[in-house]
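K.L.:
Now for the letters of each chain:
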Amino acid sequence: MGIGDIWNLIAMQPMINTLIVLTHYLFNNFGLAIIAITLIVNGAMFPLTLKQIRASKAMQDLQPKLAELQKKYPKDKQKLAQEQMKMYKESGVSPAGCLLPLLIQMPIWIALFQSVMRVLAVIPENLVGLSPYLYSWPVVYSTLPLNNHFLWLNLAVGDMFLALLVGGTMWVQQKMVMTPTADPKQQTQSSIMLWMMPIMFAFLTLSFPSGLALYWVTSNIFRIGVQYSIGGWGGLVKTSPKKQTGRDRKYKERIAKVEKAPEGADIVVPSSTQEEGLSYEESGGERQDRGGGYPKSIRATRRHPRRGGGHRRKGG
Amino acid sequence: MRIRNKAVSVGKICLLVILLLVGLTVLGCLGIKTSPEGSSGGTIADGTIFLCPALKQAAGFGCTAPVVEGKLVAVDISDGSRLWETPLEASTPTGGGFGCASSATPVAIYGNPAVVGELVYVGGYNGRVYALNSSSGALRWEYPRGASSLEPIVSGVVVALDRLYFGCSDGKVYALDIETGDKQWEFSTGGKIWATPAIDGETLYIGSFDKKLYAIDAITGEEKWEFETEGAIASIPLVYNNTVYIGSFDRYFYAVDAATGSLKWEFLADKWFWTRAIACNNTIYAGCFDGRVYILDAESGDEVVDAIDLGSPIYSWPVLVEGKIIVATEEGEIYAIDTANNQAALLADLDETIYAPLCASDGIIYIYSLGRNLYALNAASGARLWSQAIE
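Respectively, the protein sequence lines represent chains F and V.
Numbering follows my numbering, with no gaps: position 209 of the first sequence is 209.
For my numbering, add 1000 to where a residue sits in the second sequence, where the first one is 1.
There may be inaccurate statements among the hints.
Simulated restraints, written as ranges between beta carbons of each label pair [what the hints assert, rightly or not]: (1) F:Met106 <-> V:Glu1228: 26 to 34 angstroms; (2) V:Thr1220 <-> F:Gly4: 34 to 42 angstroms; (3) F:Pro132 <-> V:Glu1226: 47 to 55 angstroms; (4) F:Gly129 <-> V:Leu1268: 17 to 25 angstroms; (5) V:Ser1300 <-> F:Pro47: 29 to 37 angstroms; (6) V:Val1305 <-> F:Pro138: 24 to 32 angstroms.
Note that these hints are calculated values from the structure, not bench results.
Every residue gets a Cβ at the ideal spot worked out from N, C-alpha and C, and that includes glycine.
Put together the whole structure using the sequences plus the hints.
P.N.:
Quick look at the structure:
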C-alpha cells in the first residue's frame, strides 16, 4: 500500500463520503454540505486553532523585545540566538507553537480541498474517477451526481462576488490579528501581508470552482469568529498607530522625565490612556497591565493618585 | 542598507506567498482533471474508422488547460493510416492556467460518431452537433446554427427514422432532421442527460440523471412511460426480447418491460453501472465499475455463473465478435468471454487506460486508448495487427 493509498483511505474517502452524505441530508444541496463540513472540520480542529492563535499572539507580544535584542546584538548572531532562546524560555513561548498546530491542520485542509474538487465531478472523467473513493452505502450512490447549483452560484465555476468575499474576509481576519507597529520595516511587511494574501486568494478564487470559494469564505468567517472571541476586533478597530502629535510628544517627554527622575519625585501623570499611544485594542484586546496601563516606573513614583479629574485608577 | 533590508524582507514574503499558493494549487489539483478530454470510440463504415481523439491537457501553473481543438479523424482500418482529419471548432485556451477551473469549452467528444450514407455525425462537449461529409470531412450543417450552443453533449448520437437523436446536459433529448439539422422535437427530463439513447422500432429509450429511464415516441417526442430507479443513469439501454436492460448509479441492474415500463427483475452489484450490456443466447453480460462482468439470465435475472472478476473497472462498451464478448478494463486489459461456456481469457494487455467504446469489424477489434493510440487486435488470438497514435 503506497502513500497515496493510505492518504485516500484515511483522509480522502472519509471526507468525500461525508460530503456526499451531508448533501443528501441537507436537501440535496451541495453548497450547504460544503458549509457544514467546513464548520465540522473547523470545529474539530478548534483546540489546535486556538493554540495556534494564542501562540501567534504571544510571539507578536514578544516582537518589541526581540527587536531590542536585534538592536543590541546587530553583529553577534550567536549571542542574539542565545538571548532569543533565553527570552522564549523565560516567557514560556515556543516558536514551534505557532507552526505545529498549523502543520497538523494542513493535511486536513488539503483533504477537504481535494474532496470538494473531486465531489464536484463536473466532467465525466471526474465522475468516473470518483468511484474508487465511494463507500458501499446506498445513500452515497443514490445521491450522486451532485447538483452544482447553490443560490445564484454554479459551484463548478468561478464567481466574482465570492472572489471578493474571499478576499474581504481574509483581509478582515488578517487585520484582526495584526499588531500595529511604529517600525516602518515591520509596517511595510505587515501591509504587504495584509493586502497581498487577500488579493492573491481573490484572484485564485476566480479561476477555481466557486465550491472551493465557499469553503474558503466559511473557513475565514469561522476564524474571524474565533479570533473575535479571543482578542476582540483586534487591529480592525485601530487600524494603525497614531501619528505622533504634539500632545504625544509632550507625553513621551514626561515619560522620559519620569524614567530619569529620582525615586520619590512628585510627578503629574497624563490623564488618559490614549495619550500613551497604546490603546486597549492595540495591545491585542487584552490589558497586560491591570494596574492602569502606565509604566511601572511611573506608578512607583506617583504620590498623588488623582489630580484635576485625571487618571481613574482604583487602589492607587 | 535599509532599503536593501526592506527589499529582502519583501522578497521573502513574496516567496512565501507564492510557495503557499503553488503548494495549495498543486496539492489541491493533484490527479483531478479540470477540463474535458473526451473518450469517444470509433465507428466503422466502408473500411474507415471515424474517431474523435481525446484532447491533450497541457500542464499549466498548478493545473491543466485545454490546448488543442477537437477534431474528427478518418482512419483506414487496414493499416491505421490517416485518410483525413477536420477540426470541429477552433478552441482558444483560456482559464485553467493559474487555478483549476477552465472557462473554455473545448470540443471534447464523448459519444461515438454516427455514420449514415455520406454523412458522419458528432456531438461535442461544446454543445454543438456537427454533420460532416464522410469522405472529405467538409461541414454539411451544425446545430444549433449561429453562435449559440447547447449545454455540453456527453451522450453519443444515434441515427434512425431519418432523425438524429441525442441527449444533452440541459436535460433534454433532441431529435434533428438528418439532412438539414432542423429540430424535429425535444423532450425534457428532470436532470442532465449523459447517456446515449437506444432506438427500438419507433421507441427511443434513454436514461437521465433524474434517476429515470424514459421511453419516448421517436416520431413525435411524446413520452410513453418512465421507470424510476434509485440512482442516476449514464449507461445506454439494451433492448432485447421486448425488455429494456439498464444499469444505474444505485448499483442495480434492471430489466424493464419495453411495452409498459414495469419492472421485471433487478440485480444488485457492488458498484455502479456505466457501460452498455450485451445480450447473447438469452444471457445478459453486464460490465460494472466493481471490475466484474455479471452474467445474468435474461428472463429471471439469476446469475448464470459467478461473475467474472477482471480486476479493474469496466467503463468501455464491450463488443460481441464471433461468439465472444470482448471486454476492456480501465487498466487496459482486453478479455474475451466465450459465450458458449462463459469462460474468460486474457486477450491482450495494452497497459493503457481504456474509456472509449470498442468497435469491431471482420474479426478485428479496434481499441482507442486515453493515451491516444488506436490498436487493431485479432479478436480470436489477441495478436496486434497494428497500432497508430491518433492525436
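K.L.:
Against the structure shown, which of the earlier numbered hints fail to hold, in ascending order?
P.N.:
When the structure is compared with the hints, numbers 1, 2, 3, 5 turn out to be violated.
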